[in-house]
Amino acid sequence: MLTRLVCAVKEKKLAAAIEKRLAQADIRLTVFHHPHNTWQDLVRSCADVFLVSRTLIPRPVDASVAILNNLPEKPITIILDDRESSNAHANLLGAGADMVLYAGLPPDRLVEAIETTLTSRQQFYDLNRFDHRGRSQPRLHDFTSTSRDMQMFLEEVHQVVATDASLLLQGETGVGKEHLSKAIHAESHRSGGPFIALNMAAIPDQLMESELFGHEQGAFTGAIRSRRGAFELAHGGTLFLDEIGEMPLKTQSKLLRVLQDFEFIPIGGEAPVWVDVRVIAATNKDLTREVEKKRFRQDLYYRLGVITLTLPPLRQRKEDIPVMAEQFLIQQVQRMGRDIDGFSEDAVHALCEYAWPGNVRELMNVIERAVLLCRSDRITLTDLPSGFQLTKEIPGTWIHTDDTDPETAWDGRTLDQVTSRVMARVEKKYIEMVLEKTRGRVGEAARIAGIHPRGLYGKMKKLGIDKDRFKTGKDRENAHAARETRVTENQG
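Residue 99 in the UniProt record's numbering sits at position 99 of the sequence shown; the count goes up by one each step and never skips.
Just so you know, the hints here were simulated from the structure itself, not pulled from any lab data.
Below 25 Å or equal to it, Euclidean Cα-Cα: the simulated SDA-like pairs (lysine to any residue) are:
| # | residue 1 | residue 2 |
| --- | --- | --- |
| 1 | K13 | A113 |
| 2 | K428 | G458 |
| 3 | K467 | V426 |
| 4 | K20 | V111 |
| 5 | K254 | Q170 |
| 6 | K10 | P106 |
| 7 | K428 | R447 |
| 8 | K12 | L118 |
Produce the entire structure from the sequences given, and follow the hints as far as they go.
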């Protein structure tokens, strides 16, 4: 990230020395040369380091310094004091200043002290990039796979990690595009820089330009302070633009310019800001079709897609599901403090047979849910959502309209006739399964099936399903006794 230094000093020689010394550094420098409204400009400038003359600080000094220290950026405050008094300097430190420098020192020595502070500020950002919640950082070995499609994909990824070329990641929702982009960043020479992620679909169109490029104070109504954009935050690192296909055409043209010139002008700004950023974009849309429909710029598509990588969906690499499920299980067990050893055989079979429309993200959510609901030392089929319990049976021969070969059973019938008979058998099998699970309790079975109890009763009557078959011995006796009572009352 570009470090911002904002100076409001009365010493013109020092201001000139700072501007000359830091002109080529990765520093965004702002110098206020005029004392009028200097304090308001300081407070609204979105700085990492403030250098301000004591005489420009409104009284009481401690309250004014507290305002700077409580800004969202948590800046470092350096006060330049024209008094050569240790007591006076101590009072300023006690008021909340991070450093006090004597204005009578040679400009070169003052600039050296400021450079040291800027270096420490950058180290502060480096430390804050680490995950303090105990999560492991993404790495490319997270994508180890026995699938041939995935192995070929990973070979391509390893070839582009070391480059600075823009990447376009394509793939369905939930395949792990952001996780892969973080892994590419972590394995590249930019790993020491920041990783900034933006979801284009989650940002209103009118705010997107500000989110990307930042704005200056007063650039538009409500812009009471300056604000960094994603490109400035990602300086020296990687910027991940998710759902790039949702970006408006107006913003696409400005993004193209940054990718070509590596510089941008914040909203309301005058001077261009140069940045060193690698852009990784991701989409689940077909951008070639979006280009044909004039919803995505062709030149931006070619610029982003210098290297295009397509992540295979989970259903195309089902051989990886057991290993991935075990990895997610270990993570969730450690996070929740549960004592679960693994999966039952039927649970693994159901996981492998499922279509996974939500891909890896859905698998992670299913495992988390199973860990929460599991009441034994192994996750079984009953701990998975009802759709997985049905999946276990679907591949079997019972799905045919009878026990013979489908070519014989379906011969001479229309598609609607076959579909109707097969779906009736699927419905019957599923309803019997949930009634078995709920011991014949129709209300609870309807909740699992996601339909109204009255609708479930209608289907049971149509399919000839008797709920009493699924009750336990005691429940069946109670139900029989209740029926006998009703018959006696009606006869009476």
